[in-house]
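Enquirer: So the chains spell out like this:
Protein chains: 2
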Amino acid sequence: MDIAAFQQAALALLGPKGFITAADDLAPHLTDWRKLYHGKACGLALPASTDEAAALIKLTAQYNVPVVPQGGNTGLSGAATPDQSGQTLIVNMKRMNSIRALDTANDTIIVEAGCILQQIQEAAAAADRFFPLSLTAEGSCQIGGNLATNAGGINVLKYGNARALTLGLEVVLPDGSVLDALTTLHKDNTGYDLKQLFIGAEGTLGLITAASLKLFPAFRARATAFAGLASLEAAIPVLARLRAATADQLVSFELLPRFGLDLAQKNFNLRQPLDIAPDWVLLIEAATPSADFDIALALERALGEALEADEIVDGLMAESDAQRQALWGLREGIVNAQPKEGASIKHDIAVPVASIPAFVTEASAALARDFPTARLLCFGHVGDGNLHFNLLQPKGGDPAAFLGLAPAINRLVHDHVAAHKGSISAEHGIGQLRRGELQRLKSPVALGVMRALKAALDPDGRFNPGKVL
Amino acid sequence: MDIAAFQQAALALLGPKGFITAADDLAPHLTDWRKLYHGKACGLALPASTDEAAALIKLTAQYNVPVVPQGGNTGLSGAATPDQSGQTLIVNMKRMNSIRALDTANDTIIVEAGCILQQIQEAAAAADRFFPLSLTAEGSCQIGGNLATNAGGINVLKYGNARALTLGLEVVLPDGSVLDALTTLHKDNTGYDLKQLFIGAEGTLGLITAASLKLFPAFRARATAFAGLASLEAAIPVLARLRAATADQLVSFELLPRFGLDLAQKNFNLRQPLDIAPDWVLLIEAATPSADFDIALALERALGEALEADEIVDGLMAESDAQRQALWGLREGIVNAQPKEGASIKHDIAVPVASIPAFVTEASAALARDFPTARLLCFGHVGDGNLHFNLLQPKGGDPAAFLGLAPAINRLVHDHVAAHKGSISAEHGIGQLRRGELQRLKSPVALGVMRALKAALDPDGRFNPGKVL
Numbered sequence: 072m073d074i075a076a077f078q079q080a081a082l083a084l085l086g087p088k089g090f091i092t093a094a095d096d097l098a099p100h101l102t103d104w105r106k107l108y109h110g111k112a113c114g115l116a117l118p119a120s121t122d123e124a125a126a127l128i129k130l131t132a133q134y135n136v137p138v139v140p141q142g143g144n145t146g147l148s149g150a151a152t153p154d155q156s157g158q159t160l161i162v163n164m165k166r167m168n169s170i171r172a173l174d175t176a177n178d179t180i181i182v183e184a185g186c187i188l189q190q191i192q193e194a195a196a197a198a199d200r201f202f203p204l205s206l207t208a209e210g211s212c213q214i215g216g217n218l219a220t221n222a223g224g225i226n227v228l229k230y231g232n233a234r235a236l237t238l239g240l241e242v243v244l245p246d247g248s249v250l251d252a253l254t255t256l257h258k259d260n261t262g263y264d265l266k267q268l269f270i271g272a273e274g275t276l277g278l279i280t281a282a283s284l285k286l287f288p289a290f291r292a293r294a295t296a297f298a299g300l301a302s303l304e305a306a307i308p309v310l311a312r313l314r315a316a317t318a319d320q321l322v323s324f325e326l327l328p329r330f331g332l333d334l335a336q337k338n339f340n341l342r343q344p345l346d347i348a349p350d351w352v353l354l355i356e357a358a359t360p361s362a363d364f365d366i367a368l369a370l371e372r373a374l375g376e377a378l379e380a381d382e383i384v385d386g387l388m389a390e391s392d393a394q395r396q397a398l399w400g401l402r403e404g405i406v407n408a409q410p411k412e413g414a415s416i417k418h419d420i421a422v423p424v425a426s427i428p429a430f431v432t433e434a435s436a437a438l439a440r441d442f443p444t445a446r447l448l449c450f451g452h453v454g455d456g457n458l459h460f461n462l463l464q465p466k467g468g469d470p471a472a473f474l475g476l477a478p479a480i481n482r483l484v485h486d487h488v489a490a491h492k493g494s495i496s497a498e499h500g501i502g503q504l505r506r507g508e509l510q511r512l513k514s515p516v517a518l519g520v521m522r523a524l525k526a527a528l529d530p531d532g533r534f535n536p537g538k539v540l
Numbered sequence: 072m073d074i075a076a077f078q079q080a081a082l083a084l085l086g087p088k089g090f091i092t093a094a095d096d097l098a099p100h101l102t103d104w105r106k107l108y109h110g111k112a113c114g115l116a117l118p119a120s121t122d123e124a125a126a127l128i129k130l131t132a133q134y135n136v137p138v139v140p141q142g143g144n145t146g147l148s149g150a151a152t153p154d155q156s157g158q159t160l161i162v163n164m165k166r167m168n169s170i171r172a173l174d175t176a177n178d179t180i181i182v183e184a185g186c187i188l189q190q191i192q193e194a195a196a197a198a199d200r201f202f203p204l205s206l207t208a209e210g211s212c213q214i215g216g217n218l219a220t221n222a223g224g225i226n227v228l229k230y231g232n233a234r235a236l237t238l239g240l241e242v243v244l245p246d247g248s249v250l251d252a253l254t255t256l257h258k259d260n261t262g263y264d265l266k267q268l269f270i271g272a273e274g275t276l277g278l279i280t281a282a283s284l285k286l287f288p289a290f291r292a293r294a295t296a297f298a299g300l301a302s303l304e305a306a307i308p309v310l311a312r313l314r315a316a317t318a319d320q321l322v323s324f325e326l327l328p329r330f331g332l333d334l335a336q337k338n339f340n341l342r343q344p345l346d347i348a349p350d351w352v353l354l355i356e357a358a359t360p361s362a363d364f365d366i367a368l369a370l371e372r373a374l375g376e377a378l379e380a381d382e383i384v385d386g387l388m389a390e391s392d393a394q395r396q397a398l399w400g401l402r403e404g405i406v407n408a409q410p411k412e413g414a415s416i417k418h419d420i421a422v423p424v425a426s427i428p429a430f431v432t433e434a435s436a437a438l439a440r441d442f443p444t445a446r447l448l449c450f451g452h453v454g455d456g457n458l459h460f461n462l463l464q465p466k467g468g469d470p471a472a473f474l475g476l477a478p479a480i481n482r483l484v485h486d487h488v489a490a491h492k493g494s495i496s497a498e499h500g501i502g503q504l505r506r507g508e509l510q511r512l513k514s515p516v517a518l519g520v521m522r523a524l525k526a527a528l529d530p531d532g533r534f535n536p537g538k539v540l
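Chains as they are written, first to last, in my numbering: chain A, 72 to 540; chain B, 72 to 540.
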């Protein structure tokens, strides 16, 4: 590998705007936004077109240069951070940020990989359509990264993950050829569905350069509620009740713990909306594109029935947009209170919805036994079976000492997840963070098929080495 | 390959109920239900469990015996019919027909591959849930076949193809190992989503033995309408209007041509529901699980607006279940009239929804020019962009002579499909039927990736040889 010759060729191909080696410009791309991972690179490439991206990847094949695809660099598992070799090329997609087409008859949008998620949401809204992918980082994450990690977020319950929103992809393969699977068809059974390979592969099989995505009718009405649960178990019948009553238009069904609300109040002075303080509350949102459906009434009625059935102990409907914002602000407050409380050890897990109460009870008890001073903060997308099961350091304790417990705590939590046939990464991916645990917990047959796919598409192992597998 | 030794070993493994070589018992498995394809086999295996299936496939690997997976044998592309070599083993899944689990909290069902589709629909209904996959063959097709072909049907518009309904799969790989990806998780980003490989692969990459599938809230109300279109173009704004008005709970949006209704009337004496006879009509169905949503009112209002906007020229709502059945009977009458009219050359195509009018106009004109006596019968799932674009033989003409035109007519139709970036197989798959056209029209890069996947998973090419690729 002749790095200097590669750098020269890449500069000649992409020009000074498209190929960067200055240390200051590289620096922000060499670490993740939580600053947990740090790497080195032989350059940062910013292709401006699919042709440029393809020519660049051909060049990396020719010079045998490893490639780390990078989007908005907002991932939580270190998938977009290069290793320490210094021989890797980072390919950031931010210059490919055009919306190529928007079709309201077909309800599709074709976007380049570097489009910011919010830009796509806004383009859809401007056409009186809705693009459902929504997550905290939406102001800076890129759709290419969302697809490479099969991002989830707050609307998965109704609309599914990024995968479910994708009709087609354009991908530069490791040999530099372009796979044009950028179809906008809603149905196509002509052979293997190749786009599926690259969604969620975290850049290990190719570089996503564009995508065609589904749009949905824009909402005409939205209803938001807050409800105190009689017990964690009661979340399950409430979910089924509300899914049916809202015509399966429940968009969010978020579980929040009393401890989390207390933290939000303590750190950000956020008011508790209910008069009582149950152990668990639900933040619920339903939305409809039909002007003929009174979704607020439907939600309120169903919550009334849940109250009568002793599933919830109290509840309120947001009566204004400000009230709605305040309810969502509480959830955000829980997320943002975590760093204020010191170090935390986070788990992004999923179990079958029915197993949530048992998992939480069992894993909590085991943690209380083995790590009695760690503080459990468990919240999340309970409608998807997905919990953020986080441990905060003991009050006033030493952050570094607490983080030293991470391998043992991870192991304990993930073993309980595995016992319930759950997932150790519901939406954040594997990256570098969960590579060891994946090897430990995934079946050897599944790992074998993954390795066979990797060898078939990237025989030299140049794409995002050290990630996932 | 020692066929006699393999037969003896298979018989010893599966017993006389599980391994059959008698010609009479084999016969129905050697041809497709349309009797277009005919093959030979060295035996019919009927494994009764995943363990048996895995041991059997290990045996086929050991003796180098090719395998044709077969479900209800209702496919339309010849994917389940063996070749003429006589060395192939047919593995039919009908003895693996248990429903392993049904979870109303998680809204999932785990079924074995040999379950009849209708059996799954009924199990869901008995638990007050809805399983959306629905197609003409539902009384005899098996879910394993539905998944292997990524089946579509009449509810795709709201619920997606078989792929969209699948959370997990259990698959016996060509080497006989069992891939247990039978998760019921709604979210799981732990590595490549391996189930996607086998859905729609038509048995060329492995044998599906079980699946976990999504359930939905049962319907509380349904509304069905029939509307005469002002023009084919008008179907597009009507679709957008109704999707929004019904809260995106439009289940079916079927286009029917005047010629088709005439055929249904002529052959089955089915009454035309509208007083006028527009060139195109829509059969529309919306359904909701919410008792609080008057979906019939919403649909009727939206159709009223479509009438005022001159998008439709007449319409009616089904006022009873009998009327609803009669409307759907008309669609069925169109399908069933085809064989009564002699030979037909069928195309199962998709284009972007917006391109439907242009595609129909252009392809019709080209057909009228080159094949002026062929009678076009075009109907289908217009909400998915999916048309059954069929040519019926000239009245009183010679069926065989007409069928001789199939290659030229296929080519003409598929070229028009390709010009609109469409699909030559929207829901029926490739099988043997479209293998040549796939090679002609799919991009060399995509075909290359497909071949790489095939080589990675089935290096000896033993699984469903001669199909798809």
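Calculated directly from the structure, the hints in this document are not laboratory data. Treat the hints with care, since some could be wrong.
Identical copies go unnamed one by one, so any copy, or any two together, can satisfy a pair.
What the hints assert, rightly or not - Calculated lysine-lysine pairs in the DSS-like style (CA-CA distance at most 25 Å, straight line):
{"#": "1", "residue 1": "Lys-492", "residue 2": "Lys-513"}
{"#": "2", "residue 1": "Lys-492", "residue 2": "Lys-111"}
{"#": "3", "residue 1": "Lys-525", "residue 2": "Lys-88"}
{"#": "4", "residue 1": "Lys-513", "residue 2": "Lys-525"}
{"#": "5", "residue 1": "Lys-513", "residue 2": "Lys-111"}
{"#": "6", "residue 1": "Lys-129", "residue 2": "Lys-513"}
{"#": "7", "residue 1": "Lys-129", "residue 2": "Lys-106"}
This one's a predicted model, so the numbers in the text were calculated from it and none came from an experiment.
Enquirer: Where does the structure disagree with the numbered hints, that is, which hint numbers, in rising order?
Expert: Going through the list in order, the structure violates hints 2, 3, 5 and 7 and respects the others.
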